[in-house]
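With the hints as your guide, set chains R, D, W, E, A and F onto chain Y.
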Amino acid sequence: MTIKPIGERVLIKVKKEEKTSGGVYIPESAQSENKEGYVVAVGTYEDGSELPVNEGDKIIYGGYQTDEIDIDGEKHIFVDLKDILAKVEE
Amino acid sequence: MTIKPIGERVLIKVKKEEKTSGGVYIPESAQSENKEGYVVAVGTYEDGSELPVNEGDKIIYGGYQTDEIDIDGEKHIFVDLKDILAKVEE
Amino acid sequence: MTIKPIGERVLIKVKKEEKTSGGVYIPESAQSENKEGYVVAVGTYEDGSELPVNEGDKIIYGGYQTDEIDIDGEKHIFVDLKDILAKVEE
Amino acid sequence: MTIKPIGERVLIKVKKEEKTSGGVYIPESAQSENKEGYVVAVGTYEDGSELPVNEGDKIIYGGYQTDEIDIDGEKHIFVDLKDILAKVEE
Amino acid sequence: MTIKPIGERVLIKVKKEEKTSGGVYIPESAQSENKEGYVVAVGTYEDGSELPVNEGDKIIYGGYQTDEIDIDGEKHIFVDLKDILAKVEE
Amino acid sequence: MTIKPIGERVLIKVKKEEKTSGGVYIPESAQSENKEGYVVAVGTYEDGSELPVNEGDKIIYGGYQTDEIDIDGEKHIFVDLKDILAKVEE
Amino acid sequence: MTIKPIGERVLIKVKKEEKTSGGVYIPESAQSENKEGYVVAVGTYEDGSELPVNEGDKIIYGGYQTDEIDIDGEKHIFVDLKDILAKVEE
Numbered sequence: 001m002t003i004k005p006i007g008e009r010v011l012i013k014v015k016k017e018e019k020t021s022g023g024v025y026i027p028e029s030a031q032s033e034n035k036e037g038y039v040v041a042v043g044t045y046e047d048g049s050e051l052p053v054n055e056g057d058k059i060i061y062g063g064y065q066t067d068e069i070d071i072d073g074e075k076h077i078f079v080d081l082k083d084i085l086a087k088v089e090e
Numbered sequence: 001m002t003i004k005p006i007g008e009r010v011l012i013k014v015k016k017e018e019k020t021s022g023g024v025y026i027p028e029s030a031q032s033e034n035k036e037g038y039v040v041a042v043g044t045y046e047d048g049s050e051l052p053v054n055e056g057d058k059i060i061y062g063g064y065q066t067d068e069i070d071i072d073g074e075k076h077i078f079v080d081l082k083d084i085l086a087k088v089e090e
Numbered sequence: 001m002t003i004k005p006i007g008e009r010v011l012i013k014v015k016k017e018e019k020t021s022g023g024v025y026i027p028e029s030a031q032s033e034n035k036e037g038y039v040v041a042v043g044t045y046e047d048g049s050e051l052p053v054n055e056g057d058k059i060i061y062g063g064y065q066t067d068e069i070d071i072d073g074e075k076h077i078f079v080d081l082k083d084i085l086a087k088v089e090e
Numbered sequence: 001m002t003i004k005p006i007g008e009r010v011l012i013k014v015k016k017e018e019k020t021s022g023g024v025y026i027p028e029s030a031q032s033e034n035k036e037g038y039v040v041a042v043g044t045y046e047d048g049s050e051l052p053v054n055e056g057d058k059i060i061y062g063g064y065q066t067d068e069i070d071i072d073g074e075k076h077i078f079v080d081l082k083d084i085l086a087k088v089e090e
Numbered sequence: 001m002t003i004k005p006i007g008e009r010v011l012i013k014v015k016k017e018e019k020t021s022g023g024v025y026i027p028e029s030a031q032s033e034n035k036e037g038y039v040v041a042v043g044t045y046e047d048g049s050e051l052p053v054n055e056g057d058k059i060i061y062g063g064y065q066t067d068e069i070d071i072d073g074e075k076h077i078f079v080d081l082k083d084i085l086a087k088v089e090e
Numbered sequence: 001m002t003i004k005p006i007g008e009r010v011l012i013k014v015k016k017e018e019k020t021s022g023g024v025y026i027p028e029s030a031q032s033e034n035k036e037g038y039v040v041a042v043g044t045y046e047d048g049s050e051l052p053v054n055e056g057d058k059i060i061y062g063g064y065q066t067d068e069i070d071i072d073g074e075k076h077i078f079v080d081l082k083d084i085l086a087k088v089e090e
Numbered sequence: 001m002t003i004k005p006i007g008e009r010v011l012i013k014v015k016k017e018e019k020t021s022g023g024v025y026i027p028e029s030a031q032s033e034n035k036e037g038y039v040v041a042v043g044t045y046e047d048g049s050e051l052p053v054n055e056g057d058k059i060i061y062g063g064y065q066t067d068e069i070d071i072d073g074e075k076h077i078f079v080d081l082k083d084i085l086a087k088v089e090e
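Chains as they are written, first to last, in full-length UniProt numbering: chain Y, 1 to 90; chain R, 1 to 90; chain D, 1 to 90; chain W, 1 to 90; chain E, 1 to 90; chain A, 1 to 90; chain F, 1 to 90.
In isolation and in its complexed conformation, chain Y is listed as follows:
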C-alpha cells in the first residue's frame, strides 16, 4: 500500500527526539512549531515537475500541521512545501 501526496506537499514520518543528531536542538518554545521528520512520499508542482525534496530526506518543518495519519502505528503528517524550512544533511 503506498500513499502518493497530491500537489505541493509531502508526507513526513514525525521524529520526536529532543536532541537531534549533529547538535541541532529545537528548543521547547519553538518545538510546538518546528519539528523534524523524514520524508516518506513527495507530491509535485501543478505542472507535474518535482519538488525540491526527496524521499528519505531529513527535514525541519514549521507551520501548524493538522493533516495527520497513522501508518503501522507511527505518526505521519502531511506538510505543505511552504512550511518545510530546511533539509538536514548529515
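The hints are all genuine.
If you anchor each label on the Cβ, the simulated ranges turn out as follows:
#1 Y:D72 x F:N54: 39 to 49 Å
#2 R:E90 x W:N54: 54 to 64 Å
#3 A:D80 x W:N54: 39 to 49 Å
#4 Y:K15 x R:M1: 48 to 58 Å
#5 D:D70 x R:M1: 26 to 36 Å
#6 Y:N54 x F:D47: 14 to 24 Å
#7 R:G48 x D:D70: 26 to 36 Å
#8 A:D80 x E:K15: 29 to 39 Å
#9 A:K4 x E:D80: 24 to 34 Å
Please keep in mind that the hints were generated in silico from the structure rather than gathered at the bench.
All C-beta atoms in this analysis are idealised placements derived from N, C-alpha and C, irrespective of residue type, glycine included.
Relative to the frame of chain Y, chains R, D, W, E, A and F by itself:
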C-alpha cells in the same frame, strides 16, 4: 444520471472505516479533518485539462467539506483539488 | 425581454424538489448550501470565451447566493461560476 | 459637462421601479442589494480596451455601492464592473 | 519646489464646493467618501507608463484618504489611482 | 560601514521640521502618518532593476513604519517603496 | 551536519550586541522587531535561482520570527527573504 463536477473539484463517495486496509489509520483527533473516500467523478482545470486524480482512486482528503449530496442513499461530497492530500494505492 | 449575465456568472431558475430525479437527494443539512436549478442564461470569461455550462443544464450549486430576482413569478438567482459544483446529466 | 469614469467602473442612473418592464421583479429582500439602472458613462480596462457594457444599457447590479453623486437632481452611482450582474435587453 | 508623486497615485488640490459647476452635486451622505478636486501632479505605472489622468483634470474621488499635505496654505491629498472615480470634463 | 537595503525598500534619514522648505507643510493630523526624509540607500526590484528613487532624494512617505535604526545618533527608518508618496524637488 | 534552507528563506545566527560595529544601533523600541545576525545558510527562489544574500553576510532583519533552532548552543532562526531589511557591509 451522471454528475459531472465543474472546475477544480471531485465528487467523493465517503468511506467511514476506522482502520483502512493496509494499515493506514486516521486517528480520531484528525478524523474530523482527514477522511478517506473513493473518487466518483472528476472536474477539470479552467483550460479543460485533466486533474491529477481519476475515477476509482482511493484518496485521503482534508479541509472542511460542506458540499454534501446523497446518491442512492450513500453520502457523497464535493472536495476541492487543493484539499485532496494523497492517493492510497493498494 | 432577455437577461444577459455579465462576467463569470450564470442565471439559474431555482428548483426546490426534495428528491431530485435519478436518486440525487440533497440532505437538509446541506440544503441551505447546495441546491439544484436550471441554467437560464450564461455570462462569459473576461476575454469573452464561453463558460463550461450551457442554457438548459441542470446544475448543483453551493456558496451563499444573495443576488436574487423574480422573473414571471419564478425565483431566479445569479450564481458565480466558482460556486457551480456540477452538472446533472440525465 | 460630462463625467468620464476611470478604470473598471460605470456611472449608473438609478431606477427605483418595483416591477421592472418585462416581468423582472427584484424582491424586497434582495432589493437592498440588487437594483436596476441605466448606464450613463463607461470606464475602460487598464489597457484602455472597452468594458462589456455600453451607454444606454439597462442593467441589474449587486454589491454595496457607496460612491453616489447627484446630477441635475437625479441619483447616480458608480458601480464596479464586477458588481454588474446582467444586462436587461428589451 | 515641485512634488512628484511616486507610483499609481496623484496629488489633488481639494475642492470643497457643495454645488459643483455643471449641476454635479455630491450629496452630504456621500460627501464624506466622494469629493472633487484638481489634479496637481501625477505618478506613473510601475513600468513608467502614464496614468489615465493629467495635471489640471477635475476629478471625483472616493475611498478614505489619509495622506494629506498643505501647500501654500491649501489642502492637498495623495489619492491612489484605484480611488479616482471619474474626470469631470466641462 | 554601508547599509544596503534588500528588496523594494529604501533607508531614509528622518526629517522632523514642521515647515518644509518651499511651503510644503505636513499638518499635525497627518504628521503621524506622512513624514519627510532624505533617501540614504536604495534597494532593488526582485529582478535587480532600479527603484524610481535615488540617494539624496527628499521624499514624503506614508504608512506605519516600524523598522527603525539609529546611525551615528540620527534616526533612520526602512520604508517600503509602496509607502513612498512623492519626491520633493527643490 | 549541514542545514540547507528550502525556498525563499535564510538561516541566521542571531547577534544580540546593543551597539553594532560601525555605529549602527538598533533602538530598544525597535529591537523587538529589528535584529542583526549573520547568514549561515541560504535557500533559493522557486526556479532554483540564487537569493540576493550570501553566507557570511551581516544583515538587519524585521518581521516576527518564530522558526528558531539551536545549533551547538547558539540561537539560530529562519528568516523569510521578505523580512531581510538590509546587508551591513563593513
